[in-house]
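Q: The listed protein sequences derive, respectively, from chains A and B.
Every letter in the first sequence is one number past the one before it in my numbering, and letter 148, counting from 1, is 148.
Every letter in the second sequence is one number past the one before it in my numbering, and letter 7, counting from 1, is 7.
Hint data in this document are derived by calculation from the structure and do not stem from the laboratory.
Given the structure is predicted, the values throughout are model-derived calculations rather than measurements.
Treat the hints with care, since some could be wrong.
[Unchecked claim] Result set (SDA-like, lysine to any residue): computed pairs, CA atoms no more than 20 Å apart in a straight line:
hint : chain 1 : residue 1 : chain 2 : residue 2
1    : B       : 69        : A       : 241
2    : A       : 218       : B       : 100
3    : A       : 267       : A       : 36
4    : B       : 107       : A       : 213
Okay, here's what each chain looks like letter by letter:
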Amino acid sequence: MLRNFMRKYDVTDIVMWLIGLGLLLVVLWGSYKTLFVIQKYESSVWLDFFIFGLAQGSVYALIALGYTLVYGILFMINFAHGEVFTGGVFTAYFVAIAMERSGFIERHWVLALLILMAIAMTVSVAIAVLLERIAYRPLRGAPRLVPLITAIGASFFLQYTYRGIYGSGVKTYPDFPALDGKLNLLGREWPILTTQALVIVVAALMMVFLYWYVQKTKAGKAMRAVAEDKEAAALMGIDVDQVIVNTFALGGAMAGVAGILYALLFKQVNAFMGFIPGIKAFTAAVLGGIGNVPGAMLGGLFLGIVESLGPSLILDGLGIPAPYQLKDAIAFTLLVLVLIFRPTGILGERLSEKKA
Amino acid sequence: MTLLKLDNIHTYYGNIHALKGISIEVDEGEIVTLIGANGAGKSTTLKTISGLLYPRRGKVYLGDKDLTKFRAHEIVKMGVVHVPEGRRVFSRLTVMENLEMGAFTRKDKDGIKKDLQRVFELFPRLEERQTQVAGTLSGGEQQMLAIGRALMSRPHILLLDEPSMGLAPVLVDLIFDTITELNKQGMTILLVEQNALLALKVARRGYVLETGRIVLSGPAQELAENPQVREAYLGGA
Ligand SMILES: Nc1ncnc2c1ncn2[C@@H]1O[C@H](COP(=O)(O)OP(=O)(O)OP(=O)(O)O)[C@@H](O)[C@H]1O
Ligand SMILES: [Mg+2]
């Protein structure tokens with residue numbers, strides 16, 4: 001019997017499963033200690049962690065959509081997508097500063113926010129479309145490693161361009177006084193910061209829009225057709241290049257909005273700010289099953305929440321000092337685990353059918 | 001009147017010289033068939049017409065327009081519609097969405113609705129399965145969908161690549177009846193087939209292709225009686 005077993009699973013499989021099991025035990029043990037032995041946090045603190053996780057997860061989800069849409073159509077990872085995100089908010093920053101000085105944000109905060117989003121979207125869309133046109137289109141049909149390396153190059157190029165144009169320091173985004181404090185709605189105070197509520201709602205609206213666009217509109221159906229079979233799509237009269245441009249633009253628009261939401265949550269911008277959220281969003285996209293739209297949304301939210309809850313829940317119980325410093329480690333451990341145990345991601349079964 | 005004309009077409013895959021000077025004419029309202037062994041270049045010919053491939057030399061004319069100057073999606077708009085080998089339906093889209101993609105270039109809502117009705121009359125099976133994902137259809141149903149989808153663009157000339165491939169005899173008959181019926185309604189058809197006997201039965205004229213060259217052509221009847229053709233493609237009977 002053992003021999004049969006050994007034949008079916010080779011040694012690396014077994015070792016990987018043991019590591020996985022070990023990690024699971026660590027997670028359970030840490031959570032148990034935190035919740036039942038140390039009991040450092042009250043339940044309201046856990047709720048705060050959770051809501052913060054949901055808010056940052058919404059931002060990840062919006063960025064992740066850009067990775068997943070492009071991957072779904074071209075089977076390439078647009079590693080410069082983090083810089084598409086940066087370009088929008090960073091450009092909008094200068095307008096935001098001007099609006100703060102003139103008191104416009106104070107007087108018309110909704111309008112100010114909409115203007116900032118429109119600017120960020122426009123710039124991000126422009127960068128995404130230019131990237132496709134200049135850096136990726138000439139390489140279509142090249143081996144898959146080539147556009148990947150180009151994307152990494154484009155990413156650095158953009159980071160240093162931003163630094164050159166906009167300066168190297170960390171800049172503080174203007175405050176929206178109307179969004180300070182807890183949410184007051186329907187005559188009572190809710191256990192959520194107004195900013196976080198706004199971030200979650202705007203991100204949700206964007207995601208609903210995107211889902212509707214991809215599933216219900218003619219352009220969205222054409223996008224799915226191109227994702228499946230470019231030749232057959234061309235034979236339907238679909239301009240495949242145009243659909244690819246639309247896909248980059250759509251991803252750029254999501255990243256533009258994500259940028260403003262990020263600025264609302266974290267209040268800071270700099271030329272390199274897109275790198276970490278970009279990688280996190282990529283992780284989220286892989287978590288959900290890259291190429292899969294609902295998967296990217298779910299993956300983003302999941303990652304945001306794990307990152308927010310994980311350090312205190314798991315690491316505190318294990319007696320690790322300053323657990324919050326390790327949130328990135330948790331995020332990437334999660335990525336490695338997913339790649340090992342479920343390479344197609346949470347909703348990824350559809351991907352395996354694809355001939356890639 | 002000549003509708004489609006290939007003039008000395010040379011098409012390559014990299015260094016592989018797949019078409020070595022093909023000249024074909026298709027008149028308005030005709031069924032013309034292209035027969036030949038595996039690898040002769042039949043699919044390559046259709047792909048060159050529909051713009052999926054560009055010839056290195058030679059021209060493709062639709063009326064007096066040079067199709068080699070246009071890209072595949074633009075050629076569809078001119079009424080030349082290619083049903084590729086192996087169906088190539090969008091397997092993750094529903095039957096209805098596939099048909100909608102067929103009508104992608106059109107804006108006339110009423111006309112689209114009418115053509116949808118017509119496709120459903122032709123293939124009632126598709127109507128029953130509108131909301132089903134195309135990947136889960138049977139092979140025969142997928143072929144119906146592939147043809148129905150092409151009809152949704154209201155083609156002037158239809159390029160069919162092996163519509164009978166892998167189908168049970170009943171379905172083959174259904175597909176060929178459909179081809180004859182469409183032709184009666186005025187559609188011009190260029191038909192590529194392995195099943196030469198059937199193809200020559202429905203076609204008016206035919207071309208025999210061998211390793212990238214036309215080796216024989218003429219009225220379908222004559223080709224069907226030609227001893228060489230019978231030997232090579234009709235099982236020698
Ligand atoms: N993508 C390709 N790359 C390289 N060579 C190709 C490619 N497609 C076809 N060929 C070659 O071109 C020649 C013609 O192929 P084509 O597909 O046109 O044949 P066919 O007549 O349609 O055959 P079948 O009846 O098997 O479909 C063949 O020798 C084939 O090997
Ligand atoms: Mg063929």
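Q: Each hint: holds or not?
A: Here is what the structure says about each hint:
| no. | hint | verdict |
| --- | --- | --- |
| 1 | 69/B - 241/A | holds (17 Å) |
| 2 | 218/A - 100/B | holds (8 Å) |
| 3 | 267/A - 36/A | violated (35 Å) |
| 4 | 107/B - 213/A | holds (19 Å) |
Figure legend: structure checked against the earlier numbered hints; the only hint not met is number 3.
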